[in-house]
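Trainee: Residues per chain, in single letters:
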Amino acid sequence: DSGVTQTPKHLITATGQRVTLRCSPRSGDLSVYWYQQSLDQGLQFLIQYYNGEERAKGNILERFSAQQFPDLHSELNLSSLELGDSALYFCASSPSGTSGSLGWTDTQYFGPGTRLTVL
Amino acid sequence: AQSVTQLDSQVPVFEEAPVELRCNYSSSVSVYLFWYVQYPNQGLQLLLKYLSGSTLVKGINGFEAEFNKSQTSFHLRKPSVHISDTAEYFCAVSSNSGYSTLTFGKGTMLLVSP
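Respectively, the protein sequence lines represent chains A and B. For the first sequence, the numbering used here gives the first residue as 1, with consecutive numbering after it. For the second sequence, the numbering used here gives the first residue as 1001, with consecutive numbering after it.
Extracted from the complex, chain B is given alone in its bound form (with noise of 0.2 Å):
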């Protein structure tokens, strides 16, 4: 079975200052690794994801993550953050062997204030 962990519910911060969302997964296999966004009454939107290769995965929006294998971990950065980047963002895993389905974790909630 897999799980996904999102340590943080909220996390506030100030415009243009950077952010660091964090996901720690659990899978015993290898996995594919994902984020997505949520804007107030929206859909989710795939922010990036790693499916092999470097372990630096860039995405929409000027985020990226690093998919760290030793510490189980696929957190997400940006350097410096909008007003818009204020959604809901879902970290997500799937097994890349055998049947597998997409596993959600519970969401934190970046606030971003002037």
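In isolation and in its complexed conformation, chain A is listed as follows (with noise of 0.2 Å):
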């Protein structure tokens, strides 16, 4: 167990709609981390936050948005799905996260994914 929970475990919704995946980090970690991994892409980084604040962005989607919150948990929403947005999205966290390539020397702990089904 890593520590970080992610709800739902699964989720299945239809193409257009909009859902809300939602992360809790490990205690006391400042940065979150979302990834997305299906089949097509494979492995892919969208989007980093540190203590609340936008830290880093990969290919994450316009249709696709997170925050952070003072508590620290973060969620991250998809809208408009589509067939293609299918995927488990993983949340990680990380202690510290400084800004750009420093960030990333940090140990990241998973979580355990959410399982996105578009229909």
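None of these hints come from the bench; they were simulated from the model. Accuracy of the hints is not assured; some may be wrong.
Below, computed lysine-lysine pairings styled on DSS-like, alpha-carbon distance capped at 25 Å [as the list claims (entries may be wrong)]:
#1 B/Lys1049 to B/Lys1069
#2 B/Lys1049 to A/Lys9
#3 B/Lys1058 to B/Lys1069
#4 B/Lys1058 to A/Lys57
#5 A/Lys57 to B/Lys1106
#6 B/Lys1049 to B/Lys1106
#7 B/Lys1069 to B/Lys1106
Across the chosen pairs, the derived CB separations fall in these ranges [what the hints assert, rightly or not]:
#8 B/Pro1079 to A/Gln67: 42 to 52 Å
#9 B/Tyr1039 to A/Ala14: 24 to 34 Å
#10 A/Ser65 to B/Thr1072: 46 to 56 Å
#11 A/Glu75 to B/Ser1003: 23 to 33 Å
Calculated from the model, a selection of chain B residues having no Cβ within reach of chain A, i.e. all distances over 10 Å [unchecked claim]:
#12 Val1013
#13 Lys1069
#14 Ser1080
#15 Thr1101
#16 Met1109
#17 Pro1114
Keep in mind that this is a model prediction, so the values were computed, not measured. Using N, Cα and C, we set each Cβ at its ideal position, and we do this for glycine too.
Hey, can you piece these two chains together into the complex? The hints should help.
Mentor: In structure tokens form, the structure reads like this:
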């Protein structure tokens, strides 16, 4: 158990809908990272938040957005869903995550993931 | 831009045999390198990372990897595998200068049989 929790575990929805995935980091961790894992694209980094602020952005679509709240939990919002958005979405957390490249030296602790199925 | 190539999508091996999972990267700047493991139906777990210093990095569960700058490789090795090592292994890279993200390879499925 990494200490990172994600809800829900499974989500089934229809095309065009909007969903919210939730992540609670390990106690004391300030950074949250979101990843998408699909058969087509493999594992892709989406976005990083550090202490409430966006820190790094990867291959995140404009239809997707995220935020980190004062209690450090994070939400990933996916809108106008398409079939191709079906994937496993992971959240990870790390202790610091200072700007740019330095953040990646942290060990990231991954949650169990949310499996999204878009029908 | 950076990229990672994991040359084998699947590696079958017998229990107690040695194994090497290959990873090559491409980057125009110096890099940090990582190996993660994903057990069935679980999230990823860091096995080891190379940040600087010794090119031979030891990780958890008896795994080690060697950073070879001239060959732009970071191969993962274990001298004797167990059934419980059956999992998917991901190599990842980030640059150590300027703005960077983390780029993963496609993964290598290690299948250990008795």
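Trainee: With reference to the structure, classify each hint as holding or not holding.
Mentor: Against the structure, the hints come out as follows:
1. With a CA separation close to 15 Å, the supplied pair B/Lys1049 and B/Lys1069 stays within the 25 Å bound.
2. Taking the CA atoms of B/Lys1049 and A/Lys9, the gap is near 29 Å; set against the 25 Å cutoff, the hint is violated.
3. A distance of roughly 17 Å separates the Cα atoms of B/Lys1058 and B/Lys1069; the hinted pair therefore holds under the 25 Å criterion.
4. The suggested pairing of B/Lys1058 with A/Lys57 is violated, with an alpha-carbon distance near 30 Å, which exceeds 25 Å.
5. Annotation: proposed proximity of A/Lys57 to B/Lys1106 holds, straight-line Cα distance about 20 Å (limit 25 Å).
6. Distance hint between B/Lys1049 and B/Lys1106 is fulfilled; the C-alpha atoms sit about 18 Å from each other, no more than 25 Å.
7. Restraint check for B/Lys1069 and B/Lys1106: the C-alpha separation of about 21 Å stays at or below 25 Å, so the hint holds.
8. Look at B/Pro1079 against A/Gln67: about 46 Å separates their beta carbons, and that is inside 42 to 52 Å.
9. For B/Tyr1039 and A/Ala14, the Cβ-Cβ distance of about 31 Å falls inside the hinted range of 24 to 34 Å, so the restraint holds.
10. As the Cβ distance of A/Ser65 to B/Thr1072 is approximately 35 Å, the hint placing it in 46 to 56 Å is violated.
11. Taking the beta carbon of each, A/Glu75 and B/Ser1003 are about 30 Å apart, inside 23 to 33 Å as hinted.
12. With 10 Å as the threshold on Cβ separation, the claim that B/Val1013 sits away from chain A holds: the shortest Cβ distance comes to roughly 23 Å.
13. Look at B/Lys1069: its CB is around 17 Å from the nearest CB on chain A, clear of 10 Å, so calling it non-interface holds up.
14. At roughly 26 Å from the closest C-beta of chain A, the C-beta of B/Ser1080 stays outside 10 Å, upholding its exclusion from the interface.
15. With a least CB separation of 5 Å from chain A, B/Thr1101 falls inside the 10 Å interface cut-off, contrary to its annotation.
16. The Cβ of B/Met1109 sits about 13 Å from the closest Cβ of chain A, beyond the 10 Å cut-off, so the non-interface label holds.
17. The non-interface label for B/Pro1114 is consistent with chain A: the shortest C-beta to C-beta separation is roughly 28 Å, beyond 10 Å.
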